[in-house]
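Asks: Going line by line, the protein sequences match chains A and B.
Residue numbers for the first sequence follow our numbering, beginning at 85 and rising by one.
Residue numbers for the second sequence follow our numbering, beginning at 85 and rising by one.
Bear in mind the hints are in silico, worked out from the structure with no lab data behind them.
Only a predicted model underlies this, so the values are computations on that prediction, with no experimental measurement involved.
Ideal placement from N, C-alpha and C gives every residue a C-beta, glycine not left out.
A portion of the hints provided could be inaccurate.
[What the hints assert, rightly or not] In silico contact screen, one side only, chain A against chain B (beta carbon under 10 angstroms); selected entries:
#	residue
1	Thr126
2	Ser182
3	Ile233
[Said to hold, decoys possible] Some chain B residues flagged as far from chain A (calculated, every beta-carbon gap over 10 angstroms):
#	residue
4	Gly113
5	Glu121
6	Ala131
7	Gln132
8	Lys145
9	Lys146
10	Asn151
11	Arg224
Below are the chains, spelled out letter by letter.
There are 2 protein chains.
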Amino acid sequence: MPFSGKISPLTIQRLSLYLRVLKEYAAMGKVAASSGEIAEATVSTAAQVRKDLSYFGSFGKKGQGYNIDELIEAIEGILGLDRRWKVALVGLGKIGQSLIQFKEFGQIGFDFVAIFEKDPEKIGKSFNGIPIYHIDEMPRVCEEETILIALVAVPAESSEEVFQRVLDAGIRGILNLSGRCCFKPPPHAFIKNVNVAAEIESLSYYLTHF
Amino acid sequence: MPFSGKISPLTIQRLSLYLRVLKEYAAMGKVAASSGEIAEATVSTAAQVRKDLSYFGSFGKKGQGYNIDELIEAIEGILGLDRRWKVALVGLGKIGQSLIQFKEFGQIGFDFVAIFEKDPEKIGKSFNGIPIYHIDEMPRVCEEETILIALVAVPAESSEEVFQRVLDAGIRGILNLSGRCCFKPPPHAFIKNVNVAAEIESLSYYLTHF
DNA sequence: TTATAATTGAGATAAAATTCACAAAAGCAC
DNA sequence: GTGCTTTTGTGAATTTTATCTCAATTATAA
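Could you put the whole structure together from the sequences, leaning on the hints where they help?
Replies: Rendered as structure tokens:
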């Protein structure tokens, strides 16, 4: 790795945002951007942008800002997006079905290659061109296909069991949409929780008190 | 309000998680829980749980922990969940369709009462029993129905314009699923961004570097 | 060649968030 | 009632994160 030390997860999330706006800029034909511009587009501050980048190296030119193509390449390298990732979907309910059709995953380098389900009705068929396996087959399929990332979209009740099985199948990164928010992963694995219900509850807090 | 001062958004998010596990406990018939138990269930720490709660009052009993029903009621009060909220869905694409069928919103007090769309094909009809209006009708409908919260699930390209129109319609809380991450709301409004693509990118970072 | 303006990178500083640590209850057993 | 155990609430200490500041660098234009 070209860098050392522990980086805050907040920095990582922001890099992802910076990358988005940089790609927008590139698509517009823009060649350079300053930390101030990037900050404004991501609701951040110039100092924050520079500090985040500085953990990984010096990518800008004093007086000139950042070359957009170079910075895109740098951030993609940092985030490990200079490759493609195979992803499994676990749970083909409403949410799973809608996410698997979501084109942005492919655009940013993540390919769904397997779906795992319990419902015998669905197994053996395919959805959106992706084969549906029984969840028992996860260890075999994930190994054969070298799948390291899973998107878990099962009902909250079954999620705890499913997390365990997913980790046992060799998955190291879980994107959890099950609504069951909290599961402590083993040290070699990572979980990101996306919880729309919790987010709307914080909106309620702010509307109530401000 | 029974409290003063600025509370960290991180505290608010965690209260939401605490509430979830407390409701699980209540459903199991449990009557009391300690900060340690709540912490374990939410992947937090006992001190963090106590500190978060302490910003709003004293809800526990020394040596005994927290009465679950009482604490649920307290947190619901804090978060403004001791009432029901009317919610608009803006954008009836795949994501919008799947979210509006998501039962948990109703269970936690949020009712979809209107859908706004641009597509003339859909307007005038209903989806899942909820009427579909043209987006131009938002100001009128939101006022008549006193809708203060909107879930925005439109394509990233149109989101900037849509945010503006949503705010102009009197909406004060936006849950943004458009993928376009960054929009600075005016001081009386609040935006919560949910960005699955950005989350999966951080997973890539961790798998690459650890 | 020299002034001018823009902007980075990073050390110093400030602010925010988390953890520590412990006195003060509260129940229980005897 | 006394001693033991549990667990809260909170001020203090620590750690983490964000902001500020400015010397150094680059391009530009006179």
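Asks: Hint by hint, note whether the structure agrees.
Replies: Here's how the hints hold up against the structure:
1. Thr126: Check passed: Cβ of A:Thr126 comes within 5 angstroms of chain B, closer than 10 angstroms.
2. Ser182: 4 angstroms, holds
3. Ile233: Cβ of A:Ile233 sits 6 angstroms from chain B, so the hint holds.
4. Gly113: 17 angstroms, holds
5. Glu121: 12 angstroms, holds
6. Ala131: Its Cβ never comes within 10 angstroms of chain A, the nearest being 17 angstroms, so this holds.
7. Gln132: 13 angstroms, holds
8. Lys145: 25 angstroms, holds
9. Lys146: Non-interface label stands for B:Lys146: nearest chain A Cβ at 26 angstroms, farther than 10 angstroms.
10. Asn151: 21 angstroms, holds
11. Arg224: 21 angstroms, holds
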